[in-house]
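Student: Protein chains in written order, with the working numbering: chain A, 15 to 569; chain B, 15 to 569.
It cannot be assumed that every hint is accurate.
[Said to hold, decoys possible] Distance condition first, Cα-Cα at most 27 Å in a straight line; then the derived DSSO-like pairs of lysine-lysine:
#1 B:K198 <-> A:K461
#2 A:K225 <-> A:K198
#3 B:K32 <-> B:K97
#4 B:K225 <-> B:K97
#5 B:K461 <-> A:K225
#6 B:K62 <-> B:K97
#7 A:K62 <-> A:K560
#8 A:K461 <-> B:K225
#9 A:K62 <-> A:K97
#10 A:K97 <-> A:K35
#11 A:K198 <-> B:K461
#12 B:K62 <-> B:K35
[Unchecked claim] Now the stretches of chain A that chain B is said to cover, found in silico as 3 or more residues with beta-carbon under 8 Å:
#13 201-214
#14 328-341
#15 402-414
#16 452-463
#17 506-513
#18 522-535
If you are wondering where the hints come from, they were derived from the structure by calculation, not from laboratory data. Heads up, the beta-carbon is just placed ideally off N, CA and C, and yes, glycines get one too.
2 protein chains.
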Amino acid sequence: MAVKELYIDFATHPDCYKHWKLRIQGRIATLAMDVREDAPLVPGYELKLNSYDLGVDIELYDAVQRLRFEHPEVAAVVITSAKPRVFCAGANIRMLAQSSHAHKVNFCKFTNETRNSIEDASTHSGQTYLCAINGTASGGGYELALACAHIMLVDDGSSAVSLPELPLLAVLPGTGGLTRLVDKRRVRHDHADVLCTTSEGLRGQRAVDWKLVDELVPRSRFDAVVQERATAFAARSDRPGNATGIALSPLLRTVEADQLRYTHLTVTLDRDLATASFLIQGPRDMPPQTPAAIQAAGASFWPLALARELDDAIVHLRLNEGAIGTWVWRSAGDHALVEAADTALAQHADNWLVREITLFLKRTLQRLDVSSRSLITLVEPGSCFTGTLLEFVLAADRSYMLDGTWAESPLPPAILRLSPLNFGPLPMAHTLTRLQRQFLAAPEHVKRLHERIGHDLNAAEAEALGLVTFIPDDIDWHDEVRLALEERASFSPDALTGMESSLRFAGPETLESKIFGRLSAWQNWIFQRPNAVGAEGALTLYGTGKKSLVDKRRV
Amino acid sequence: MAVKELYIDFATHPDCYKHWKLRIQGRIATLAMDVREDAPLVPGYELKLNSYDLGVDIELYDAVQRLRFEHPEVAAVVITSAKPRVFCAGANIRMLAQSSHAHKVNFCKFTNETRNSIEDASTHSGQTYLCAINGTASGGGYELALACAHIMLVDDGSSAVSLPELPLLAVLPGTGGLTRLVDKRRVRHDHADVLCTTSEGLRGQRAVDWKLVDELVPRSRFDAVVQERATAFAARSDRPGNATGIALSPLLRTVEADQLRYTHLTVTLDRDLATASFLIQGPRDMPPQTPAAIQAAGASFWPLALARELDDAIVHLRLNEGAIGTWVWRSAGDHALVEAADTALAQHADNWLVREITLFLKRTLQRLDVSSRSLITLVEPGSCFTGTLLEFVLAADRSYMLDGTWAESPLPPAILRLSPLNFGPLPMAHTLTRLQRQFLAAPEHVKRLHERIGHDLNAAEAEALGLVTFIPDDIDWHDEVRLALEERASFSPDALTGMESSLRFAGPETLESKIFGRLSAWQNWIFQRPNAVGAEGALTLYGTGKKSLVDKRRV
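With the hints as constraints, model all of the structure from the sequences given.
Tutor: Here is the structure:
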């Protein structure tokens, strides 16, 4: 198995899409998959039959993001195929077979997040995704459909939905399919069992009876019915038909060997310590306070600009800097300006653009929660961990806050400040806010914290209120922090990933937390098993005509 | 790494215990761990410092079971150590290092189930477990404490609780510790992070402040306080002080190469098809209908006898027959007699013994749900899938029911019959009944089924009501069933395990379902990673003085 180390860039634009055709007609957008066989992300495989790799999904993610911000008028999105008789064959098998374990896992995580963002748009943005399956949808192709709110399957006697991963490749459907079948669509587990063990899949009336799709549509009426359904979903949307979108202009980013610089974020790598230091810069000026002013600021409005930069940095480091195991979070700036930005978001939560910005902050923080990196936040003098930024303290596996000042520094002691954004709009994937997760044992404490919104909380208060883990003074700070980072770097990254995944999601479970916590863990396990990826494993041998050897022992 | 294939017997008795001392004084039992260094289950390691292997846990499981059935008067159980200054060092590391992947996973599953049965006793049997940590509790030692309802730690300036698996061995605490910390005891995730990365653990006031233990007790008053707490918990119990227990007499079991025979259960192996056929025999006579008569029948009361046989067969096949990937369930007998047994259980649910029997049936079915084997149930003429036995139809990954009769057979067509036991007393680990899980999409359907209790449901009705997956007639039956079994045997067992784990637990999550679904999956993954089990992995090299090589790449 060849292990490829890729350098992957996530920046793209509809004008550059190779694999998708985006068409917007009034309230309805159509995203047609038309994968270019000869344009894989890395050499070594052909993207036949609308099969996809990370490159295809990066474009899909970009399209989903732009539809939200650039097209307020779009209230329904139809995902379909531009190819005849095939909808999508799922993740490209040769790509999987030649990828490293880490790349497979990262690929699945990113594609999962994109599908979650599709569901987030349907649920929270008034932009409902429908799937028009106009040919066979296999594996990841059907999983993409499962992420949509309504699934239409062409009734042509041959087009089917299938999850053939287990019988053909000895792996699981890697993009949430199993969980969405039984938890989202509430397909009976025995029916799901039959589907997942039948490589050719199911079609026709049984697919409807078993709730695998929502309706069958004859080919002759397919386009008309798709249009009809999309129009009906669009009619229920609260998105404004007459608003103007904002352009998601290209990010200004400088990538150097050990530094990544954006406008509001600098990430500095320490390769010896296996650490990336994220320095978040607070707003430099008073953020706009009205929807019109926010709209005018567009992509330069600080919360949106920061979310985009964080999003890009997180996926960049995940994919391209695997040996950097710890992400350290710092901030610098003026609490009052961060607070003002939060106030604008809280006060105008009903405005379509403000809603999108807050949802994007939410999703970005959720990306952090499921990143397989240790998160350590350092609260130092000069920082501005207020409201939205305070979430980076709460999201951390542990946090340190300096008690007092640096010797010989004029900076006043660090403080924390709560804002309304800490109490609802930015929940984790399992529905709890990070404060609720922090105080699972004492829900009433969260109410008491609500009364402290806007107050300056120094280190002693922050510790007493349970907002930070440790509060060393300047005598102990450097040794204590360095020791923690060195120690972290010495641990097995695999065990850290398993531990952090287990500790971060106390409390209830949702579709998303199940997909990342349960399904992904099983998939990771299977992605290492000889039956799948060994020299004679099913994934390795697929398409060669050779039969894989199965070790029948159950574990 | 040596791969040991063991033949493990789960039958034991307090008179034969090597590792535990069981003492009963009135309402309080004490289970003192006193592991014999020189008595490991297989050669190759010494059980120093009260470290344990599966043999130690088989005795613990036996003790927990017997306390419930043989000692109705016991209302509180104290787990402690009989060794000075050490409570329990956790799972033996040398044992783990020399075990196969499958054995490690099986070992963790069984120890997890034993700890769950401890919690089940505290919650449902009025037999509350307390942990008296009278020395250091490391790893699995502390996890055993976490399974108890109240944890006392001796305050002697040195005894600590710790989970050193990650820093020392590059694996996770494998027996639910992470989940119990944050979900059961609701320890803050950042505090849990500190504990799990501090190999020496925590003690003293911080252990209490962080809720790692419930109280610190000076050594001078330790025994007295333990007694006091146990007495207080016992006082709240509803277990009868004056009832007589029933003896769990040795199981009558014949083990042959391809057959396992009990009184009410025969398991026949087909090694070519990688299949075990479980044939459950219904009651031969009318089961007793009063508590007194049930008490008099004791271990021969059909539901209890069957539960014990199933329990033994399941753990036997899991541990000793790993290459048998599919378990096929059949039954034979009289519906009316099964129904009568269920009626007795339902009518006398408040009786301490009936409660224990029903709880045991529940736990046995839950063991089935988390077994990494495909479950296929065949409902044929002559079967008696009523009530409790109908759960074996619902628990299956899929089921087949013969529509009509066998050609040239006098047996009437198969039927199914619902009983009150299908509607609450035998829930899955995530709190739903199997019927609720089956009809997650239509909760009102479960109410309609409740009205059908006691009715004979033929194949067509059972299918229409959604109780079975397929209803072939006798012309198709043999081909269809054989094809399904052959197909199952051809699939990767690893992918099947991941798929079944994902499909079986739709709906809510609990501590137990999180432990089996999320934590175990991560642990399985880590148990394969070179950082833990490779030639230079931490688990392999532990105790050799050599330093393990860590591949720092995050996955």
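Student: Each of the hints needs a verdict: does it hold here or not?
Tutor: Checked hints:
1. Distance restraint check for K198 (chain B) and K461 (chain A): the Cα-Cα separation of roughly 22 Å lies within the 27 Å cut-off, and the hinted pair is therefore satisfied.
2. Between the alpha carbons of K225 (chain A) and K198 (chain A) the distance comes to roughly 11 Å, so the proposed pair stays at or under 27 Å and holds.
3. A threshold of 27 Å between alpha carbons decides the hint, and for K32 (chain B) with K97 (chain B) the separation of about 14 Å falls inside it, so the pair holds.
4. Between K225 (chain B) and K97 (chain B), the direct Cα distance comes to roughly 25 Å. Compliance with the 27 Å bound is thereby established for this hinted pair.
5. Of the supplied pair hints, the one linking K461 (chain B) and K225 (chain A) holds, its CA atoms being roughly 21 Å apart against a limit of 27 Å.
6. Taking the CA atoms of K62 (chain B) and K97 (chain B), the gap is about 11 Å. The hint holds against a cut of 27 Å.
7. At most 27 Å may separate the alpha-carbon atoms for a hinted pair to count; K62 (chain A) and K560 (chain A) meet this at roughly 21 Å.
8. For the suggested pair K461 (chain A) and K225 (chain B), the alpha carbons sit about 21 Å apart, so the restraint of at most 27 Å is met.
9. Of the pairs offered as hints, the one joining K62 (chain A) and K97 (chain A) holds, with about 11 Å between alpha carbons and a cut-off of 27 Å not exceeded.
10. Between K97 (chain A) and K35 (chain A) the alpha-carbon distance is near 11 Å, which keeps this suggested pair within the 27 Å criterion.
11. For the suggested pair K198 (chain A) and K461 (chain B), the alpha carbons sit about 22 Å apart, so the restraint of at most 27 Å is met.
12. At most 27 Å may separate the alpha-carbon atoms for a hinted pair to count; K62 (chain B) and K35 (chain B) meet this at roughly 17 Å.
13. For the segment 201-214 of chain A, the assignment as covered by chain B holds, since 10 residues bring a beta-carbon within under 8 Å of that chain's beta-carbons and 3 suffice.
14. Check result for the segment 328-341 of chain A against chain B: holds, 4 residues qualifying (beta carbon to beta carbon below 8 Å, three or more required).
15. Counting residues of the segment 402-414 of chain A whose CB falls under 8 Å from any CB of chain B gives 4; the rule of at least 3 is met.
16. As drawn, the segment 452-463 of chain A meets chain B at 4 residues by the rule of a beta-carbon pair under 8 Å; at three or more, the given contact holds.
17. Restraint check on the segment 506-513 of chain A versus chain B: 8 residues with Cβ-Cβ distances below 8 Å, three needed, restraint holds.
18. Counting residues of the segment 522-535 of chain A whose beta-carbon sits less than 8 Å from any beta-carbon of chain B gives 7, enough to reach three: the coverage restraint holds.
Comparing the model with each earlier hint shows no violations; every hint is respected.
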